[in-house]
Amino acid sequence: MKKHTSLLTLASALIVSLAGWSAPTAAADKPIKVGVMLPFSGVYAALGDAGRNGMKLALEQHADKLHGRNIEFIEMDTEARPDRAPEIATSLMSQKKADFIIGPVHSGVAMGMLKVLRNKKPVVIIPNAGANAATGPWCAPNVFRTSFSAWQPSYPMGKAALDKGYKKVVTMSWNYGFGKESLAAFEESFKAGGGKVLKKIMVPFPKTEFQSYITDIASLKPDAVFVFFAGGGAVKFVKDYNAMGLSGKIPLLGSGFLTEGTLTAQGDAAEGVITGLHYADGLDNPANHAFRADYEKAFGKPADLYAVQGYDTGLLIAMAVDQLKGNISDQGKLIQTMESLTIPSPRGDFTFSRAHNPIQTIYLRTVENGENRVIGVAAEALEDPARGCKMK
Amino acid sequence: MDFAIFLVQLLNGLQYGLLLFLIASGLTLVFGVMGILNLAHGSMYMVGAYLVWYFFQLTDQFLLSALISAALALGLGVLIEKTLIHRLYKRNHLDQVLLTIGMIFVFNALQSILWGDDPLGVPVPELLSGSIHLTELVEYPVYRLFVAALCLLLAGALYLVINRTRIGMLIRAGESNREMVECLGVNINQLYTLVFGAGVMLAALAGVVAAPMISIVPGMGEHVLITCFVVVVIGGMGSIKGAFVAALLVGVVDTFASVLVPGVSSMIVYILMAVILLIKPEGLFSSQK
Numbered sequence: 000m001k002k003h004t005s006l007l008t009l010a011s012a013l014i015v016s017l018a019g020w021s022a023p024t025a026a027a028d029k030p031i032k033v034g035v036m037l038p039f040s041g042v043y044a045a046l047g048d049a050g051r052n053g054m055k056l057a058l059e060q061h062a063d064k065l066h067g068r069n070i071e072f073i074e075m076d077t078e079a080r081p082d083r084a085p086e087i088a089t090s091l092m093s094q095k096k097a098d099f100i101i102g103p104v105h106s107g108v109a110m111g112m113l114k115v116l117r118n119k120k121p122v123v124i125i126p127n128a129g130a131n132a133a134t135g136p137w138c139a140p141n142v143f144r145t146s147f148s149a150w151q152p153s154y155p156m157g158k159a160a161l162d163k164g165y166k167k168v169v170t171m172s173w174n175y176g177f178g179k180e181s182l183a184a185f186e187e188s189f190k191a192g193g194g195k196v197l198k199k200i201m202v203p204f205p206k207t208e209f210q211s212y213i214t215d216i217a218s219l220k221p222d223a224v225f226v227f228f229a230g231g232g233a234v235k236f237v238k239d240y241n242a243m244g245l246s247g248k249i250p251l252l253g254s255g256f257l258t259e260g261t262l263t264a265q266g267d268a269a270e271g272v273i274t275g276l277h278y279a280d281g282l283d284n285p286a287n288h289a290f291r292a293d294y295e296k297a298f299g300k301p302a303d304l305y306a307v308q309g310y311d312t313g314l315l316i317a318m319a320v321d322q323l324k325g326n327i328s329d330q331g332k333l334i335q336t337m338e339s340l341t342i343p344s345p346r347g348d349f350t351f352s353r354a355h356n357p358i359q360t361i362y363l364r365t366v367e368n369g370e371n372r373v374i375g376v377a378a379e380a381l382e383d384p385a386r387g388c389k390m391k
Numbered sequence: 000m001d002f003a004i005f006l007v008q009l010l011n012g013l014q015y016g017l018l019l020f021l022i023a024s025g026l027t028l029v030f031g032v033m034g035i036l037n038l039a040h041g042s043m044y045m046v047g048a049y050l051v052w053y054f055f056q057l058t059d060q061f062l063l064s065a066l067i068s069a070a071l072a073l074g075l076g077v078l079i080e081k082t083l084i085h086r087l088y089k090r091n092h093l094d095q096v097l098l099t100i101g102m103i104f105v106f107n108a109l110q111s112i113l114w115g116d117d118p119l120g121v122p123v124p125e126l127l128s129g130s131i132h133l134t135e136l137v138e139y140p141v142y143r144l145f146v147a148a149l150c151l152l153l154a155g156a157l158y159l160v161i162n163r164t165r166i167g168m169l170i171r172a173g174e175s176n177r178e179m180v181e182c183l184g185v186n187i188n189q190l191y192t193l194v195f196g197a198g199v200m201l202a203a204l205a206g207v208v209a210a211p212m213i214s215i216v217p218g219m220g221e222h223v224l225i226t227c228f229v230v231v232v233i234g235g236m237g238s239i240k241g242a243f244v245a246a247l248l249v250g251v252v253d254t255f256a257s258v259l260v261p262g263v264s265s266m267i268v269y270i271l272m273a274v275i276l277l278i279k280p281e282g283l284f285s286s287q288k
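Chains as they are written, first to last, in numbering that gives the first Met the number 0: chain A, 0 to 391; chain B, 0 to 288.
Be a bit skeptical, because a hint or two may be false.
[As the list claims (entries may be wrong)] Mimicking EDC-like on lysine to aspartate or glutamate, the simulated pairs with C-alpha atoms at most 20 Å apart in a straight line are:
| id | chain 1 | residue 1 | chain 2 | residue 2 |
| --- | --- | --- | --- | --- |
| 1 | A | Lys-64 | A | Glu-370 |
| 2 | A | Lys-248 | B | Asp-117 |
| 3 | A | Lys-206 | B | Asp-117 |
| 4 | A | Lys-167 | A | Glu-186 |
| 5 | A | Lys-248 | B | Glu-138 |
| 6 | A | Lys-220 | B | Asp-1 |
| 7 | A | Lys-300 | A | Glu-186 |
These are calculated hints, taken from the structure and not from any lab test. Given the structure is predicted, the values throughout are model-derived calculations rather than measurements.
Next comes chain B alone, as it looks inside the complex (with noise of 0.2 Å):
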């Protein structure tokens, strides 16, 4: 390998991590933050995909699409939160993983109902369909530097959100002591309402992204849940950098692997969990004691 293809793996592989970042992010402030376990996470980067392929076909306007399919997964994830999911936050995790795994059913079937089996496609939007070129014969694609541009501001943004305002604090705090928070009276449940949704959100606008560069497919959801679940436990639970370092960790690892060690590349993100959580079993950056 040299050294100018070890550097266009090594874009592959930060670019796959930051993609994996906005995915990971929202499970990061559900599973990690609230202590919700939502298996039904990678279903929501799959609606957030097809989504955004429906409006496009509608309005054949990419950004209109993308925002279109924001608001409606925000408002999707308000509704699952206030008609599902507030009544689980006593319950232990076997409850959580038994309701979200039914929704896992759910959305696959609505999937399959509303948009059918065939794999779908949304074009590059017009504006960022060129490339750069890197070596004599390989290309970069614009839009994969935007969105990997677009990824690394919105961890940027969390990462002030959740740690530095006054409504982070909250979430913090109310993951750590739900009832002292609501004694200082504070609507704990209105927030939560609102970080459940945020999450969803941010799983269906990876989904939105990644849309003009993979194939809109059937349990595509699936794919992405496991990997996200080893970035949020690599990371630490609730930690917003955390999250960034291990997907980035995760990306560039499994990069390289698929190309020099192909026999064991399958399996090499979960040796790398494995290791770290021998090392540090509460994660590389975690919040909680």
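If we strip away everything but chain A, and leave its shape as in the complex, we get (with noise of 0.2 Å):
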């Protein structure tokens, strides 16, 4: 990355001189500072890592359209610790005078950040976290999210249910404000078409001895079951149904958190449970073929949903200064040319919705032979509600 950000200098330098003969411009002296908020170690190391070069990638491929802006990061670890998010995110923005803060992974270092900047000068972009309340009632002119909203994933999933014939569920997750964001926004679609939510297993977090739960479901045979459970939870959830024999007689439906860089881990456990999702690794589309072959080659591994969330950050501010021909100081015009773009994403084209958040096609997902498999769209341009946000 070194490397790169001395080319960016150089180029810009270049176009500075150049410049230099005609009328001097002010933007293009000063670098744009974009402060990045992502964890850098801990439990959730490796989706702030994917997020920082999915962003990177896409300034680097649009280099030439930043108008000789060159990109300043500032990079600060929150370790996925809301506690700290506070500190971190006045730093950048008063200290650092950030003109862009990108970030967290966590929903909680969400909130914790979101208490410091909203309305502020900084414009903020989310690319992972997704609690309901940042586009919600949370939400504000300077806060963008590149990511999702926990609704959406889920929503669909609950008519997707009943299209498959399952009038009785069980819904389980643990019990945190993403799980139980995810079980409602479930609920609310599957009830509405006339389902029924036989019980609602919320266990508590981190526990991760679902034995017994599992043959609590078993008991009370449903026609299905719905989860939201992510990372090391995910693996364990998706072995032990498997090993308690329900995998196959009871369809496992579930967030597409559920086998989201887990699937290695989990194995045969997780061959044929269905999920939503605003991607899949396998997507076929143009977009998302050279997507993964650049990132492969940048990064040498293959690219996840996170990577992709990155990207579509660095897409969005590279298509915001574009527009603008450089010069970003005018906070308003900013926020106005983001909220007009359109993004070319791997995941395919998306817009913001009123409250900022993504209007995007959730994917339904199966796995078969250890991948994601795309079988159809769970729902077409999908927009958060963003209950309680009072902008517009």
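Both chains come to you apart, so use the hints to assemble them.
Structure below.
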């Protein structure tokens, strides 16, 4: 990355010196400061790293669209600790005078960040954290999100379950914010279509002794099960579900994170699990093919969902700077420009809702031979209802 | 809950309890018998799981990987005792807490550097990959029954070694009066190195046999640590029999509570501990006066 920055500097120096003969532009001599608040250590380190890689790849590919402005990254490790978020956000805003602040991965950190940054000068772009509140009651003109709201991947799954003829389900998740929001979104469409939730099981976080709950599910004999788990919990749950003999007998549905970045560890146990998400590695469109090839070439490992979201964050910055011809000093204009963009994402084009959350397609996927294969569209151009957002 | 489901839940509870015993047994030896407060005990469980994953990637042989991992864990335990722990026998528990908390950080950092932060998994060994039908829907994996049997076997062996053999007698004697045992011509230092090594190996072994059933993730050691202390305290310091009964009790109570009273399931184990300590302040089978 160092090499890349120096190349950018060189390019911009050239442009600045060329511009020197004509009218000197104020914009061109100051770098655009991008503060990065991602977890580079701790449990979410891999996610933070992928997000940063994706963003840098996008800005590198579109360096020619920055009108001579070069990018100065100021990277801060959040360690995925909500208690540190306000302090880091304040420092990026007040001391470093960042134009953009990118982050975080963890929803708790997002809340701590937004407490400080809502309605302030820097434009915040959230490349992962999906807490509904960030584009709901906590929405703000200067806050954008390029990932998803917790509501988005789960809401269409209620209808998907009904379409498959499942009328009675058991829902299950860890008892914390994102899990509750996911189950509520599923229930919203499932109950509206006449489905019945036999039991809602909330497991204390971060307990992973799931056997007793799965036995309980077996005794209730539902048509299907809908769950939200992610990371290590998702691995353990899917393995336990299979080990207790339920997979193949009671279909397992989930928010896409159940099988995202976990398939190698889950092995055969994940075969046949059906999930909804705004991306799938094997998505068949030219933007995705090009992105995956470029990413693998640049970083030596396959891209994942978090890399895509980081990439789209980079695209959003580059395209906004391009439209404004490098001059982003007027925040109102910058926000207006960002709102109007259509992002040519590897997940498919998306635009922003009034609360600045992506209006995007949610794909229906099933695990086949250790991969999330797209089997259909769960919802086209799905917009988060942005409940509680007072903007516009 | 019909009777068949009740039996499955009971089996779940016993199986969880037996695994808990295996993790906690090393702690009983080290904390209960030797009096060393080793907070890094959970890290040893984590090390076992990561080691078996690592060697399984290399060899594709679960049994071989398990044996290598256990042997390495024993070596690691001996190394830690010789270089760090043995300096602390005469110090108070606070110094031991400081050292072993530091070890947790070191092991977590090493895990992150060596093996990364993604969740990992080990497949169940081919030979034990079948399952038994219990009800029309529920199956029980053979591997889990095998693990339960293995834990039972180890429990018996450990009980016999501590209570019925000469070396067990020396260990118990060392705990009640270190100097006296030394005066009688026993190399107590060597003995304690061995016991500490065995404690580490038991924790790592628990990680090894659990690996195919769990997800191997950063921080997995800390989750089991507190439950292990609960088991040792309920059972009574230094009692293998106590730890065994306590582990089964915790396993069964936790399993049924999570289904029957989900609202309080996260604290039920601690309520159980509080009630038992109110009635028997020394724990169920304390070996100390």
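Kindly indicate which numbered hints from before are broken by the structure, ordering the numbers from low to high.
Per hint list: 1, 2, 7 violated.
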